[in-house]
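Below, each chain spelled out in residue letters.
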Amino acid sequence: MLFLLDAGAVLLATVRDILPILVLIVSFQLLILRQPIPHLRRLVLGGVYVVVGLAMFLIGLEKALFPVGKVMAMQLCDPAFLFPKGTAVQAGWADYGWVYLFAALIGFSTTLAEPSLLAVALKAREVSSGVISPWGLRITVALGVAIGITLGTFRIVTGTPLYIYILAGYVVVVLQTFTTPKKMIPLAYDSGGVTSSTVTVPLVAALGLGLSEAVPGRNPALDGFGLIAFAVLFPIITVMGYAQIAHWIVILKIKKRSKGEDR
Amino acid sequence: MNGKTGRSLKRTILPEIATKLWMAFKDLLPIILVIAFFQILVLKQPLPDFLDVIVGGVFVVLGLMIFVQGLEMGLFPIGETLAHELARKGSLFWLLIFAFLLGFSTTVAEPALIAVSVEAADIAAQGNLIGGSEACMKRYALGLRLSVACSVGIAILVGVLRILRGWPIHYLIIGGYVLVMLVTLIAPEEIIGIAYDAGGVTTSTVTVPLVAALGVGLASIIKGRSPLLDGFGLIALASLFPIIFVMGYGMVVFN
Numbered sequence: 000m001l002f003l004l005d006a007g008a009v010l011l012a013t014v015r016d017i018l019p020i021l022v023l024i025v026s027f028q029l030l031i032l033r034q035p036i037p038h039l040r041r042l043v044l045g046g047v048y049v050v051v052g053l054a055m056f057l058i059g060l061e062k063a064l065f066p067v068g069k070v071m072a073m074q075l076c077d078p079a080f081l082f083p084k085g086t087a088v089q090a091g092w093a094d095y096g097w098v099y100l101f102a103a104l105i106g107f108s109t110t111l112a113e114p115s116l117l118a119v120a121l122k123a124r125e126v127s128s129g130v131i132s133p134w135g136l137r138i139t140v141a142l143g144v145a146i147g148i149t150l151g152t153f154r155i156v157t158g159t160p161l162y163i164y165i166l167a168g169y170v171v172v173v174l175q176t177f178t179t180p181k182k183m184i185p186l187a188y189d190s191g192g193v194t195s196s197t198v199t200v201p202l203v204a205a206l207g208l209g210l211s212e213a214v215p216g217r218n219p220a221l222d223g224f225g226l227i228a229f230a231v232l233f234p235i236i237t238v239m240g241y242a243q244i245a246h247w248i249v250i251l252k253i254k255k256r257s258k259g260e261d262r
Numbered sequence: 000m001n002g003k004t005g006r007s008l009k010r011t012i013l014p015e016i017a018t019k020l021w022m023a024f025k026d027l028l029p030i031i032l033v034i035a036f037f038q039i040l041v042l043k044q045p046l047p048d049f050l051d052v053i054v055g056g057v058f059v060v061l062g063l064m065i066f067v068q069g070l071e072m073g074l075f076p077i078g079e080t081l082a083h084e085l086a087r088k089g090s091l092f093w094l095l096i097f098a099f100l101l102g103f104s105t106t107v108a109e110p111a112l113i114a115v116s117v118e119a120a121d122i123a124a125q126g127n128l129i130g131g132s133e134a135c136m137k138r139y140a141l142g143l144r145l146s147v148a149c150s151v152g153i154a155i156l157v158g159v160l161r162i163l164r165g166w167p168i169h170y171l172i173i174g175g176y177v178l179v180m181l182v183t184l185i186a187p188e189e190i191i192g193i194a195y196d197a198g199g200v201t202t203s204t205v206t207v208p209l210v211a212a213l214g215v216g217l218a219s220i221i222k223g224r225s226p227l228l229d230g231f232g233l234i235a236l237a238s239l240f241p242i243i244f245v246m247g248y249g250m251v252v253f254n
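Going down the list, the sequences are from chains A and B.
Per numbering that gives the first Met the number 0: the first sequence = residues 0 to 262.
Per numbering that gives the first Met the number 0: the second sequence = residues 0 to 254.
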């Protein structure tokens with residue numbers, strides 16, 4: 000009974016969340032374009048689907064993804080797991096190796112499986128006239144996310160301020176911007192935002208919050224968030240790096256060929 | 000007659016549902032594999048409340064599938080043609096209004112942002128940054144989402160102007176970076192983490208397809224622009240502006 004009441008409240012809240020986009024599209028269609036709504040029944044049915052699906056997703060998140068992310072963080076930081084012999088008094092940053100590996104694997108695998116990244120990768124091949132291969136780009140972005148999230152967990156473990164890392168990342172991005180082939184720049188900027196999917200984001204957020212609770216001396220309010228910011232920033236760096244390297248290789252090949260023709 | 004349509008319905012709809020389910024499950028598969036690897040080989044202990052996690056996982060997969068299916072049935076096709084039509088013949092005024100409202104309303108409907116803002120309210124209440132009552136937490140979570148939604152709206156508006164005027168994207172981004180760092184200096188420490196995260200959280204299921212449609216639609220109607228090049232960049236702005244706005248929100252709330 001309590002569960003049903005809960006589900007009802009979630010359902011009501013999701014109706015409120017969906018309403019703005021529905022009102023926007025219907026009113027612009029009717030008032031600005033002055034066109035009737037095509038397939039009205041489908042739109043209404045689709046609206047019901049959206050509300051029900053969103054409510055189910057949110058309930059599932061509360062029950063599965065959030066707890067799993069936090070529990071994994073707790074278990075991986077548990078002193079009994081880190082030091083089965085019970086010798087060390089205080090864990091240093093180097094003792095959290097499994098946490099870093101977990102973060103890297105979650106980042107890499109979820110990004111590689113991300114459908115919206117595939118679309119971006121195909122466009123990248125077109126923009127770069129074939130120099131950037133779709134698989135190469137997907138692996139590059141996935142590596143960027145993996146490095147980013149791993150560094151993010153390192154930051155939580157050490158408790159260093161977030162803005163220093165982000166500032167350093169920004170400086171690298173700005174420097175790279177001036178040496179990367181112009182065509183690739185907007186695409187590289189976007190590849191960061193595209194990777195953060197609806198399933199990955201809550202899990203990664205829960206991992207960070209769990210870590211900040213489990214590592215002694217960390218405060219969730221100060222250290223818990225920030226992992227997603229790393230996951231957005233680092234793919235930009237790796238994608239621009241990939242574009243630069245691919246560009247150099249092409250230039251090198253052209254130079255070699257022209258030398259060969261000279262002889 | 001009825002039996003016939005019923006059978007053909009079965010033949011066409013069931014495989015479609017199966018494919019959709021598989022697609023939704025595939026999104027979750029890497030997570031399941033990594034977690035299973037760690038639980039079985041590294042930690043060698045089961046997850047607590049294992050049954051709850053399984054049920055929740057099924058809810059996540061099914062919910063996301065139904066959600067996306069619903070978007071594709073109505074909102075996405077109409078929204079995409081609307082974006083195209085407005086870009087083609089709408090006045091600049093209405094186009095900019097539409098850009099702002101599109102960014103705002105898609106962000107309000109973004110599932111990941113709803114979930115993360117609730118979590119952020121929880122953390123803030125635990126840290127005694129806001130009142131611990133349910134009403135206080137709800138207000139804080141909603142405030143977070145509304146500041147993100149406003150900033151995404153403005154980001155899309157600026158991005159549309161950029162496409163129309165042909166401003167190079169990197170000046171906007173670099174300017175945004177500088178602004179982020181300046182605001183970081185004066186923002187309360189406790190808001191910085193969630194603010195930096197807000198950018199990545201906003202750009203997912205609902206926002207990306209509709210905003211991309213707007214960008215590509217715009218770039219394809221302007222002479223001398225490639226839809227590929229100029230259509231990009233909107234998402235980048237939409238993940239940068241929320242950082243600044245959420246820090247602003249923090250300065251207002253945490254004082």
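Source of the hints: derived by calculation from the structure; they are not laboratory data.
Take the hints with a grain of salt, since some may be wrong.
Unchecked claim - Listed next, the stretches of chain B that the computed footprint assigns to chain A, with coverage defined by at least 3 CB atoms under 8 angstroms from CB atoms of chain A: (1) 33 to 45; (2) 99 to 105; (3) 156 to 162; (4) 165 to 173.
Glycine residues also receive a C-beta, built at the ideal position from the N, C-alpha and C atoms.
Comparing the hints with the structure gives:
Residues of the stretch 33 to 45 of chain B with a Cβ under 8 angstroms from some Cβ of chain A number 7, which satisfies the need for three, so the listed coverage holds. Counting residues of the stretch 99 to 105 of chain B whose C-beta lies closer than 8 angstroms to any C-beta of chain A gives 5; at least three are required, and the coverage claim holds. Restraint check on the stretch 156 to 162 of chain B versus chain A: 0 residues with Cβ-Cβ distances below 8 angstroms, three needed, restraint violated. Residues of the stretch 165 to 173 of chain B with a Cβ under 8 angstroms from some Cβ of chain A number 4, which satisfies the need for three, so the listed coverage holds.
Checked against the numbered hints above, the structure breaks only hint 3 and satisfies the rest.
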